[in-house]
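So the sequences go chain by chain: U and X. Going by my numbering, the first sequence opens with residue 1, and the numbers climb by one from there. Going by my numbering, the second sequence opens with residue 1, and the numbers climb by one from there.
Be aware that one or more of the hints could be misleading.
Selected chain U positions facing chain X (Cβ under 7 Å, derived; list incomplete) [said to hold, decoys possible]:
| no. | residue |
| --- | --- |
| 1 | 72 |
| 2 | 79 |
| 3 | 82 |
| 4 | 122 |
| 5 | 123 |
| 6 | 196 |
| 7 | 197 |
| 8 | 243 |
For lysine to aspartate or glutamate, the following DMTMM-like pairs were computed, each having C-alpha atoms within a straight-line distance of at most 20 Å [to be verified]:
| no. | chain 1 | residue 1 | chain 2 | residue 2 |
| --- | --- | --- | --- | --- |
| 9 | U | 242 | X | 210 |
| 10 | X | 166 | X | 195 |
| 11 | X | 190 | U | 64 |
| 12 | U | 81 | X | 130 |
| 13 | X | 133 | X | 208 |
| 14 | X | 166 | X | 90 |
| 15 | U | 176 | U | 27 |
| 16 | X | 82 | X | 130 |
| 17 | U | 242 | X | 125 |
| 18 | X | 223 | X | 195 |
| 19 | U | 77 | X | 125 |
| 20 | X | 43 | U | 27 |
| 21 | U | 79 | X | 146 |
| 22 | U | 81 | X | 163 |
| 23 | X | 82 | X | 210 |
| 24 | U | 81 | X | 174 |
| 25 | X | 189 | U | 51 |
| 26 | X | 82 | X | 224 |
| 27 | X | 97 | X | 146 |
| 28 | X | 223 | X | 125 |
| 29 | X | 132 | X | 163 |
| 30 | U | 79 | X | 130 |
| 31 | U | 242 | X | 174 |
| 32 | U | 81 | X | 90 |
| 33 | U | 77 | U | 51 |
| 34 | U | 79 | X | 174 |
| 35 | U | 77 | X | 208 |
| 36 | U | 79 | X | 195 |
| 37 | X | 43 | U | 71 |
| 38 | X | 55 | X | 73 |
| 39 | U | 165 | U | 146 |
I should point out that these hints are in silico values taken from the structure, not numbers from a laboratory. Virtual Cβ for every residue (Gly too), placed ideally from N, Cα, C.
One-letter residues, chain by chain:
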Amino acid sequence: MNISPFFKVAITVIGIITVNIVSAQSENMVTVQGGTYIPLYGVDSTAVTVETFSMDIYPVTNREYLQFVLEYPEWKKSKVKRLFADGNYLVNWESDNSFGNQLAADAAVTNVSWFAAKKYCECQGKRLPTVDEWEYAAMADKSNPDARKKESYNQLILDWYEAPKTFNNSIGSTFKNYWGIYDLHGLVWEWTMDFNSVLISGESRKDVDKDSNLFCGSAAVGASDLMNYAAFMRYAFRGSLKANYAIRNLGFRCVQAKGKNNKNVTY
Amino acid sequence: MKKILHAGLICFLAIHLIGCNTKNSTKTTAEKYQCPMHCEGDKTYDKPGTCGVCKMDLQLLALNSKKEGEISDMSIYNLPSKWTNQNNGEIQLKSLKGDVLVMVMIYTSCQTACPRLVADMRGIEEQIPEDKKDQVTLVFVSIDPETDTPQRLKEFAQENQMDSEKWVFLRGSEADTREFSAVLAVNYKKISPMDFSHSNIISVFDQEGELAYQQEGLGVNNKETVSKIMELVN
């Protein structure tokens, strides 16, 4: 082995560049291989194709979000415009510049609106996942990309829905799924880019009475998988949201499309 | 070879540095440009170009836009999105400021609900007295910007005898449309290549761009909507 010094330098430089590219594009992200699945509510209840994308391994934390508001002061608790976030925005944060000691630094940030979540992702060069992308990634359990038929998978999620105050648990405290993603189930609910594509309560919203539509049974008739009660709860929850709502158990994570402009998503 | 690699590395690092974090705003008195998505906060540029983060074209900031008439917290004029109207002109919502706005989201190839929403809009417009008409602008926002080109919107306006200044037809990017629908609490989803399902909501905004009233449903009694508009223009 007689490697010349020149090659050593060259290899080192290439190494640095490679590491740089990887960290720039997907630090703490993993690839979710695209595929086709039938969502609970789809386009004419047919299969939906999801392109390959990368997703944050963990939800965005209080610590990360604090960094964001320090850089973009217009998103501080007292500065944010009401159009973009209601009065519950960061309501449990101690102040503009601190989340205090009641909230864990490595717990998922919650009480953030859709606008805030969307903005956060944009500033990382990412975007919010679509409902289809989120559901596609989240139907995996530890060993299968699609575990929706497994009783243990559904039970786990439903157990979480019953567990109180999981929002302050540390990220990474639930299972790592098939794609290498943590906490899609078990800590907080998450914003999606097109959360308002859910038309669960009819066209006019006339029949919507505040939060009672959360468990409206009639909407389940359109569901493609009646067994998937947990997914139904998520769709119902999304259908009840407005973009400036900031809710205690609702956080977010970001995704990046592969080789595509992250702005122009086809919903 | 070594030099090339070094040059490459330097270039790469340079690119790396232009990110969301650069916050030094240049201070000049001339024209200012800003990322339409505000990816870099309030950072401004003194030359046209593209945003370092989202690569969208920088937009020219209206002079004194912040000084004259502060935009209130709940105003839709806080939205930075750019739209194209039926005359292929580029506008920001802000340019509609001062009028009472009646807004609805539709798509022109829609066969069922939209013609009725259009009729509802016409019904509202007819009830505004002649001397108040110039204070009200009626706006249609397309939820299908792919199909609804400015030309298509123009034809639609002509077909419906709505090709005058007080009727505005807008299309924007998919992301901006989604954001706008979020503000209006209008839900929509593409259900087939040609069709969308969507909420039927007509929204009234006051002169400052704050939501004043929403009428939900099709062919509903528009008495309250009209009285709200009258209240605002008087």
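So which hints don't hold here, by number, going up? 2, 10, 11, 12, 16, 17, 18, 19, 20, 21, 22, 24, 26, 27, 30, 32, 33, 34, 35, 36, 38 and 39
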